[in-house]
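Kindly produce the complete structure, drawing on both the sequences and the hints.
Each residue of the sequence shown is one higher than the last, beginning at 20 in my numbering.
To be clear, the hints were calculated from the coordinates, so they are not data collected in a lab.
Some clues are possibly wrong.
Said to hold, decoys possible - Here are the simulated DSS-like pairs of lysine-lysine, each with C-alpha atoms no more than 27 angstroms apart in a straight line:
| hint | residue 1 | residue 2 |
| --- | --- | --- |
| 1 | 239 | 161 |
| 2 | 192 | 23 |
| 3 | 161 | 107 |
| 4 | 107 | 215 |
| 5 | 161 | 192 |
| 6 | 161 | 215 |
| 7 | 215 | 98 |
| 8 | 239 | 268 |
| 9 | 215 | 192 |
| 10 | 192 | 239 |
| 11 | 98 | 71 |
| 12 | 71 | 23 |
Model, not experiment: these values are computed from the prediction.
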Amino acid sequence: MAYKNPAQRPVDMVIACRAVDLPILRLAVSSLRRFTACREIHVFTARSSLSKFRRVLGDRVRLHNEDQAIPGMTLAELKRLNLPGFPKAAGWYFQQLLKYSYASQNESDDYYLIWDADTIPLRPLEFFDSEGRMLFTVAEEKHQSYFSNYQRLLRETPVREFSFIAQHIIVQKSILRRLLGQIEMVHPGGESWAWKIMRNLEGTDTNLFSEYETYGHFVKAHYPERAVFLRRAWLRDGSQRLLRLPRAKDLQRLSAEYDFVSFESRHRPLRKAWRSLRDWWAKMALHPFRTAGR
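This is the structure:
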């Protein structure tokens with residue numbers, strides 16, 4: 020389909036989310052509707068969390084049972100692999116594979132956007148330029164295991180100039196299907212691409228694969244004419260900045276500097292510590308002598 024303004028082309032959004040990130044996702048969904056050309060928002064989560072997500076998000080999203088998304092793979096089965104950090108780290112890998120699984124859905128549109136559940140857009144964002152080329156946000160992260168395993172999975176060497184780990188990425192399904200097909204061809208056998216990725220990872224650290232780096236560098240290597248690589252202003256450590264869930268005024272203030280902001284759960288223990296200190300301080304203010312005398 021030809022669009023009068025390719026830059027405003029609507030796309031489906033694909034998000035994998037744990038229950039712990041639901042408060043941020045609720046805000047993210049509202050902002051995605053406001054600031055992007057969003058068609059449908061597809062959220063993958065655990066079966067046990069579906070009812071809670073439905074209560075909080077209502078009909079603003081389409082919910083999916085994560086264990087039904089990837090043929091032949093469930094989170095429980097993935098946890099049985101003997102990889103660094105497993106079984107705890109299995110969920111981190113599983114959510115990446117869930118995002119890839121949408122490449123075989125909704126064949127009427129060849130594009131979708133992967134968006135991180137803990138990230139909130141603050142200003143209008145476009146994912147195509149006026150010529151219809153995909154806009155890729157680039158970043159500075161560098162983790163060697165991602166590139167070592169890219170080479171192992173695809174039998175080609177990525178040329179790193181920048182990172183694609185920027186909390187979102189625009190996906191052309193036909194390209195991603197080619198990438199996954201190449202992995203299946205390089206690693207023969209009857210298992211799906213998802214198992215072939217996981218069974219062929221090597222390394223000693225707990226982060227051996229990145230869906231962003233793998234797809235982004237594959238596009239850069241094979242389809243550079245379809246892509247534009249750009250830098251946007253964004254903040255990754257929103258949880259450290261606020262030490263609490265963001266309020267509307269917080270997001271408004273951050274929007275003066277950033278296009279989007281992430282509130283990663285690994286920083287949220289700081290919020291708990293801050294709340295404990297705040298409660299203790301309030302208690303001291305109300306009962307200074309009784310508290311001090313204990």
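Status of each hint after checking the structure:
A C-alpha spacing of about 16 angstroms is found between residue 239 and residue 161, which places the hinted pair at or below 27 angstroms, so the restraint holds. Of the supplied pair hints, the one linking residue 192 and residue 23 holds, its CA atoms being roughly 22 angstroms apart against a limit of 27 angstroms. Using a Cα cut-off of 27 angstroms, the hinted pair residue 161 and residue 107 holds, with the two alpha carbons roughly 23 angstroms apart. Straight-line distance between C-alpha atoms of residue 107 and residue 215 comes to about 20 angstroms, which keeps the hinted pair within the 27 angstroms bound.
Pair hint residue 161 plus residue 192 holds up; C-alpha atoms about 25 angstroms apart against a cutoff of 27 angstroms. Between residue 161 and residue 215 the alpha-carbon distance is near 24 angstroms, which keeps this suggested pair within the 27 angstroms criterion. Of the supplied pair hints, the one linking residue 215 and residue 98 holds, its CA atoms being roughly 15 angstroms apart against a limit of 27 angstroms. Annotation: proposed proximity of residue 239 to residue 268 is violated, straight-line Cα distance about 38 angstroms (limit 27 angstroms).
Straight-line distance between C-alpha atoms of residue 215 and residue 192 comes to about 19 angstroms, which keeps the hinted pair within the 27 angstroms bound. Between the alpha carbons of residue 192 and residue 239 the distance comes to roughly 15 angstroms, so the proposed pair stays at or under 27 angstroms and holds. For the suggested pair residue 98 and residue 71, the alpha carbons sit about 24 angstroms apart, so the restraint of at most 27 angstroms is met. Distance restraint check for residue 71 and residue 23: the Cα-Cα separation of roughly 39 angstroms exceeds the 27 angstroms cut-off, and the hinted pair is therefore not satisfied.
In this structure, the hints that do not hold are numbers 8, 12, in rising order.
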